[in-house]
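*Asks:* The whole structure should be built from the sequences, with the hints applied where relevant.
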Amino acid sequence: MAALEESLLNILEDLNHDEFKTFKWFLKREKPRIPVSKLENADRTDTVDLMVQTYYTNTQSVTVRVLQKMKKNDLVKELLKDILVSKDMPAAEPTLRPTAKLEPLSADPANSPSSPPRRGPKSIDQCRRKLKVKLKLKFECVFEGIDKEGLPKTLLNQIYTELYITEGGATEVNQEHEVRQIETASRNPHRPPTTITCTDIFKGPPDRHQPIRTVLTKGVAGIGKTVLTQKFSLDWAEDKANQDIHFIFPFTFRELNVLKQKKFSLVELVHRFFKETKEAGIRIFEDHQVVFILDGLDECRPPLDFNNTQILTDVTESSSVDVLLMNLIRGNLLPSARLWITTRPAAANQIPAQCRGMVTEVRGFTDPQKEEYFRKRFTDEEQTNTIISHIKTSRSVHIMCHIPVFCWITANVLEDVLKTTEGGELPKTLTEMYIHFLVVQAKLKNVKYNERSGTDSPWSPETRKMIESLGKLAFEQLKKGNLIFYESDLTECGIDISSASVYSGVFTGVFVEERGGYQDQRFCFIHLSVQEFVAALHVHQTFINTGDNLLSEEQTTSQRSGSAQTQFYQTAVDQALQSPNGHLDLFLRFLLGLSLQTNQRLLHGLMKQTGSSSETNQETAEYIKKKLNDKLSVEKSINLFHCLNELEDRSLVDQIQQYLRDGSLYRSGPSPAQWSALVFMLLSSDKDLDEFDLNKYHGSEEALLNLLPVVKASNKAVLTVYGLSQRGFEGLSSVLRSQSSSLRHLDLSTNNLEDSGLKILSDGLRSPDCKLETLRLSICNLSERSCEGLSSVLRSQSCSLTHLELNNMDLKDSGQKILSDGLRSPDCKLETLRWRICNLSERSCEGLSSGLRSQYSSLTLLDLDNMDLKDSGLKILSDGLRSPDCKLETLRLSGCLITEEGCSSLVSTLQSNPSHLRLLDLSYNHPGASGQELCALVEDPHWTLDTVRLEPSGVRWLKPGLRKYFCELTLDPNTANEKLKLSENNKKVEGVEEVQSYPDHQDRFEGLPQLMCSTGLTGRCYWEVQWSGEVWIAVTYRGIRRKGKSEDCGFGFNDQSWSLWCYEGICGVSHNNKYTDVPRSSFSDTVSVYVDCPAGSVSFYRVCSDKLIHIYTFKTTFTDPLFAGFTLHGSGSTVSLCDV
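Mapping the sequence shown onto full-length UniProt numbering, position 216 (from 1) lands on 216, and the numbers just tick up by one.
Derived by calculation from the structure, the hints in this document are not laboratory data.
Since this is a predicted model, take the numbers as computed values, not measurements.
Hints are all accurate, no fakes.
Now the in silico label distances, taken between C-beta atoms and shown as ranges:
| hint | residue 1 | residue 2 | range |
| --- | --- | --- | --- |
| 1 | K479 | K392 | 33 to 43 angstroms |
| 2 | Q726 | E382 | 58 to 68 angstroms |
| 3 | K479 | Q797 | 42 to 52 angstroms |
| 4 | D14 | T166 | 38 to 48 angstroms |
| 5 | K260 | E425 | 42 to 52 angstroms |
Pairs of lysine-lysine residues, derived as DSS-like cross-links and limited to a Cα-Cα distance of at most 25 angstroms, are as follows:
| hint | residue 1 | residue 2 |
| --- | --- | --- |
| 6 | K608 | K472 |
| 7 | K870 | K812 |
| 8 | K136 | K376 |
| 9 | K203 | K28 |
| 10 | K21 | K71 |
| 11 | K278 | K260 |
| 12 | K1045 | K988 |
| 13 | K1115 | K696 |
| 14 | K1074 | K1045 |
| 15 | K870 | K817 |
| 16 | K887 | K817 |
| 17 | K1107 | K988 |
| 18 | K465 | K479 |
| 19 | K130 | K278 |
| 20 | K419 | K392 |
| 21 | K132 | K240 |
| 22 | K1107 | K870 |
| 23 | K959 | K875 |
| 24 | K77 | K24 |
| 25 | K1107 | K812 |
| 26 | K465 | K608 |
| 27 | K278 | K262 |
Just so you know, even glycine gets a beta-carbon here, dropped at the ideal spot from N, CA and C.
*Replies:* Have a look at this one:
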């Protein structure tokens, strides 16, 4: 970089005054932009510094581009003369930070060894070309699943399917089984984080200007991390991407493990694996761009210990490999080098936080990428469509196909089954899939190595012996958590190294031998799930053949009962549940799947038939259901449901589905197992969990606490729960604090949160792991005291809230003042604030105005509908709009008691400063002539104002509160049931015993004591009702059924109506046959109804001494005009429409 800076300064010195000015003129248009204020007065040395700080690795290409625009090609040649530049360097793409300048050893003995002379670009280019040839030969061909000499291979570029890689991701230790992690990831397709392509792995996000030294990429086993690094290296070797990198050195921890007893310097380690650099005499790294790839951190033995290691800074000093690696990662060795480290999630936290430049996660294939893989894999379109269609019908198989290796397994199995079983049933469960996979591999072995027919039994004595040995190895190493096996591991299981090589040579799809640079032998199964399946097969066969239970414990559980075979499966269930990290979860699924006679028949010739009865399977299923009634983690519960699926027992899920269909879920009093079944059903659904509405199930705290895993997995949650206790609030707060939570939008409207509940929630909202963007707290019985907690949330540096709603609450001016402190914070990211009907006066506008004037304000939408702000409040607010720091684009002041005087001040403000305002809503006010002046601004091209809403307008809208929307209603006698009697000019109705004499009419309610008002409601409407007895006060569409006594006719018991039930001081609400109790409060025999049709809301209030006390609000979208309606139960019940 020093050489580049000097060359750049020389170039600028060659420019005269006008040319230098032109250079800076072009330069200020480059991206990222150098601030004009800094560039304007910069001299030549300042300009060089600014360019290096801004463009860093891109400085050279930006300089070339600017000089070319100036037609200074001679200076371009001069700049490039002494600096190595890739001929394929992209002109505008951001490039990697220069990481290492390679200096070869000189053959001249006169040169000091401590300061060897540099070789020219030609020598380095030759080394680079040789390295590219080596990497291309190494990575251009792959054999999916394994890499074995002599087997047919495929071009990587031919079969490579772009993987789903996301930026970000926790590095906390995840205790879930990796397959469970894939299942979790499959539920979160909405709002994906920033995605990254393979070639851009070192490219930081747009808002990040600092170069990234170390990328840590995590992903479960088989997800494609290694292939990703191979593709990155191959693209570089084939001159397709990242040509600003001079050298890529890919290492795997599997290779490095075998060197753990030896000592090397970093230069010697590179020379050992990449002889090209040794042959070129390269041993000093300073300026050139070098990338080290360290693949498979989780396989490092022993794990790296960053807390206890010596410090190395000299690349020629020898030490153990782990010490070299830790110093390389820390930046003590080669701080200019780039590192790409891959790992399974469990080992990600080994790398200290300060050493992680960026964390990325490989999530495997998205659904479209799965299809792309199978379409590349098969040429027969009909066969491909059949396979893709089948995968979608099996949820567990579809989820596993997020893993590329499993796609390969599935492709092998389904291709074979389609060929060999005409019209046969394709495997649906994981156990079936893996049984077929083992059969396919055994067939291949027989055909290729034993010269047998593909129709012969695949289970020769040699094959059975191999599977027995591999099964023992798989199980013993699974218990230890090992995926990679060395000679010592094989010896423990009675397998000599030569036998293992034979197994890997003939059972290539199951067991793999790998060799490092010096042919060091390592073995593994092609995927963790294959190891778990073979282990389960071994444990099952051992028990069936000998009666030995390899899972037996010294202590037995008293809950176990039944035959020895039943207790064998029960032991497996208990051991899987006791595992702290779930490492036996998939093993248990396979073991139980192998208990089915249908699966045992598929392994006829290998596996002794147990003759296990359906009674044994049923006893095992019942044992699992008992366990589901215990307090288990979500992960363990869900795995047990997968186990029930393997046993073909879906009774719990079927039961829950029936409850949901007939609406009896809550009435049935669900058991813990049934709640778990509902969670499993919702989380396993192929529907995107974009929005979860608790009221579809039941709005109780019990329901919320049991369904928190669904809330956590959802993008948006609508939670209306009355009577939440501290336990409920803490449960919600824990979801907000969770790193793995997908929740981005939370609607807690119409909840009795109170200040104490919000205080607990605020703790979650302030968590650095909370990613919530939208919070709706309308009608939550909060006072001004709650504003302190909300204000502290907005001031929190980690807060992600951009949208906040605080409608229909008694926050008062004092609460607003406290909240405004949060709005002015430099950490506040709020863009939308809705603050309707919150008992604020014009005095509250001072705090809002100061928030708009703040240079940190991000507010673009402010909604203050139905606040009695008056003209004085609008004048104060206009001061904020006048500020150059105000970014407001939408301002809603509908129904705010504003007259021509207030509008006139607003016109003056907008004329003096056009601002950003695009939409202004002043409906339900009395703007007078000033309204026309505002409309004129819309036509003026100098103003950004696009829309001004003034209608309806007039003096009648200047009444305080909701009563301004009062509408005169009249009961419609043509709708009245014959047991209802009207009086007082159709303003009152009473339930009576005697039948009334009404003429026949198609609108009349025949079976239920109901009637409607005659006037259709649109816009905003308000009315008050005095009642006695037992009544339902409702709004309804005209199209509600009138004949009969079914729920289709009753107000609140269908999707046509919304209703409030009142009886002796008790209230409840109902819509579409979903009834919710409303907490008791002060009794009132007068109820008011406020309907805002455009906003889609129906609100009910108690009227107490002219004060409105909120009862409940329905939120929906209205498609037709509404009508007021009433149901009166029993003789003597009355309803009277009040005058206001």
